[in-house]
Amino acid sequence: MPDLDKYSYPPPEERNYIGRRMGRVDGLPKSTGHAKYTYDYNPKGLLYGAFVRCPYAHARITKIDTSEVERMPGVKAVEIVQKPGSENHWAGDEIVAIAAVDEPMVRDAVRAVRVEYEQLPHLVIDSQEPPRNIPPDSSPLSFEDLQDMFRNQVPGTQIVKDIRERGITFKPEEAPLDRMPPDIANAVKSAKQKPPEKKPPTWYKPAAAETQGDVDAAFQASDTVVSEGLYGLPVITHCCLESHGAVSEWTDSDHLLVHASTQYVSGIPGQMAEVVGIPAANIREVQENIGGGFGSKFGPDRWGIYSAKLSKQAGGAPVKMMLSRAEELEVAGCRPSAHARVRVAAKKDGTLTAWDSFGWGIGGPGGGGSPPIPYLIRDRLPNYRVQWTAVVNNIGPARAWRAPNHPQACLITMSALDDLAHKLGMNPLEFFRKNIELTGPRANIYMDEFPIADELMGWSKRWHPRGDKTPGPIKRGLGMAMHTWGGRGHQSECDLTIQPDGSVTIKMGTQDLGTGSRTAILAVAADTLGLTPQQITLLYGDTQYPMSGGSGGSTTIGGVSSTTRRAAVDARDALFAKVALALGATPEQLEAVKGQVRVKGEPSKALGWKEACAKIGAVPINAHGKNLAGRDPLMNSGVGGMQMADVSVDTETGIVKINKMVAVQDCGLIVSLETAESQCYGALIMGISYALFEEKVMDPISGRMLNPNMEFYRLASIGDIGELVVHMMVNKYDSRGVIGLGEPPVISPGAAISNAVANAVGVRVPMLPLTPARVLAALEGQQKGKSA
Amino acid sequence: MSTNDDRSSGLSRREFLKISSIAASVPLVARPRVIEVEGQEVAVHGPGPVPIMLTVNGKRLSAELEPRVTLLDALREHFDVTGPKRVCDRAECGACTVLLDGRAVYSCTTLAIEAQGKPIVTAEGLGAGEQPHPVQAAFVNNDAQQCGFCTPGFTVATKAFLDKHPHSSDAEIAHGLAGNLCRCGTYRGIRGVVAQMTGREPKGNAGTTMIAERSAASPKGGA
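Protein chains in written order, with this note's numbering: chain A, 1 to 788; chain Z, 789 to 1011.
Simulated from the structure, these hints should not be mistaken for lab results.
No experiment lies behind these values; they were computed from the predicted model shown.
One or more of the hints may lead you astray.
Taking beta-carbon pairs under 8 Å as the criterion, some of the chain A residues facing chain Z (in silico) [unchecked claim]:
1. Gly23
2. Asn42
3. Gly682
4. Ile685
5. Glu711
6. Ser717
The C-beta atom is built at its ideal place from N, Cα and C for all residues, glycine as well.
Full structure from sequences and hints, please.
Following this line, the structure appears as structure tokens:
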């Protein structure tokens, strides 16, 4: 890689913005209410769209009558989304789309559509343990099965294994092989083709058990301590404050302008073209700001597509389709649940030896992927057996939720290990430290983090064995958990232009979810060009700018930082070439610092930025930045993080109160320290929220969500969070390059808090959220256990 | 937040619905007529559009709106004042918070018609002219925002909270600002805002701890 040195991030002494607290560059427009979101677009002649939704969790449409609606004044377009005969697999599924001149009108119109259904049996509860005698599905995979696996983020190795073992029912050439990862595409190409098998209907899709070593022998070995437990988390929602939605308008008969609220600006045209019936090149997506996504906003979804279809029918008038709060919570994404019965074994000295688990959870109507348990230690634990059954139920489609599958895997694993540590009579901190080699390549990072977390929480000074002996009803305890995440940057491109008058513009088709990507882009550009962020204009959030990947999986920071660095270095070097002569030096001898272009080591030989740029001539400098995607040395993958929780539990009311949380987090080279810290604080709070409050409560009879509002689908408020401490591993792992941070810190809070509660009250509350009812039930079980 | 106990003496949405169902049974008239409800005289407006005039951020804005239109929808949909956001639409999350006659209210559960004659201030109008309000500047200083969707409502609520509690305690913050919800999790920054505004700390958010400060190679950057 000959260019590596040239593009490497500047060393610490040359960083004025990278890794510093430079202030969020888009802070002011947000706090003054001037920042515009999709929900805020009110173009002239705006129509309002809404859906008729299926009221049943499982039904078949028998009849749709829209005649009354079509006669209603003010109704401008009606589109049937699903025809009679279609089967609906969750309550809230879209049936008919309508656009009208105002919102009350469209709501009236929705009520006037007559749809008849044949109700079918449904299942919306996921906490019941599935039967163990169902054989794994060995039938050949249809293309829909494969799509389900992608949607549910089943690991690639698992997909390849299934394709090889089960065969496929479709022709490989009919599948979009070029859009699949190469190993999966190859597996499809070489798969055995089989006729489709009629599968009996089932709620449960067990996967084949995955095993390593000799599990049974390990559990029976002498000198072994075994802990058993049941652990779980329910389905939760994304609850983006800006609900899902889009505003679409046809600017002429075959050009579409879309404002979709999306985590993937560059990807919207390609996902809409076919269904809307025009080339992707004729679709423009624009988004200035997004009010939360958390993994649920990658596609245009039906609301995006039908805003465009309704607009077309209405002669191109803009149509706004934003979900109501109830719709947002009912249909716009659930994080899959996970439950597991676990047995875990260690030698008496604390050395972990074996894991055995039977787990289940929903993956929406298609089944789904399984959490990577036992978390962190799977690759190196000598003996394990992991069985997983996907519950195919009618709770609604699953969507990626910040760190898909990891909070589930972390809760199940870290709770089980914490219970084992208790049984061994060990301090969990010592127990985790003793087994740290099982975490493999990140063991050294965790070892660096242990003493810092310990100091910040006062763990070693304050930890007590399970069951706070303090008299009175309030019991206090400490818990900890650890996590990892990939987070390698995505493919990203940009154009950086330096004008002869010294103005600098960056164009990049990316998005800032509030994570601070704009701030990071400007930090990198400013440090490379020797300017301040205020001297650089960043244009983003538009498909007219160079493509940038979707903001998911913590891939944005690595992607946009590396592409910005490459463009800025090239543009700066082009500028050096123009001004070298005037400074009596060669381009290689120049540097751009403090608003000057000057000769290295001779600061008196300098030109101000504007003077230097005046030498550019008539044609501006434009550098196109394009990172090297997966093989770019400017970014990396795989972070280590650790969290500790200090809680108080009122054993009379069951109320859990957070006293303090500590997060110690590595993410390689930190680009924007302040927004990185904010990500961690935010993740702790989001974690407190799902640990204590969040649950999509389903009614088994009606199949509907019972709490589709923010009163009963509770989020943590400012009074619920306790003291929060975040420590970023600054300047420690810079050489690893930039690694994403969005997902990692939200993984551990549930487990850390659950462990702290167990430490406080002396008994495990098996299921999140740790509501008063669940805490009291666990305490009651403990009492019964004692008296029995 | 103090929204609920500060509810103006006007009609709540529920009361309005009760009355409007009565109004539906009386003949439509051009100007409000008075009927008796539970022994009290009440003016009946609508159900068709009626002229409504609001004073928003110092500007007088008028439109013909149905009396059932909320202040939030009037601001956003009719006057394009989009700082107040619609999130829960039922007085749970505070993203729609505005000042009505100096007091914080949830504009999603305030009717536009009852907001007439009182000054309305949204996040856009909190500062003086082009200048942000010090609370808004403190939100930037303390990085008390991420996606920013709850932020305009939060800045207004925080301003109203500080007016009432210029020397607020942690307990008062925990209670008084609990009426605004954030999904990204910016509460720590917001505590920093209050700490800064009440002079308890010059800048609330020290961020990464002293251990990090010790190991950082060079001092803080600008901006």
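These are the hints, each one checked on the structure:
| no. | hint | verdict |
| --- | --- | --- |
| 1 | Gly23 | holds (4 Å) |
| 2 | Asn42 | holds (5 Å) |
| 3 | Gly682 | holds (3 Å) |
| 4 | Ile685 | holds (3 Å) |
| 5 | Glu711 | holds (5 Å) |
| 6 | Ser717 | holds (4 Å) |
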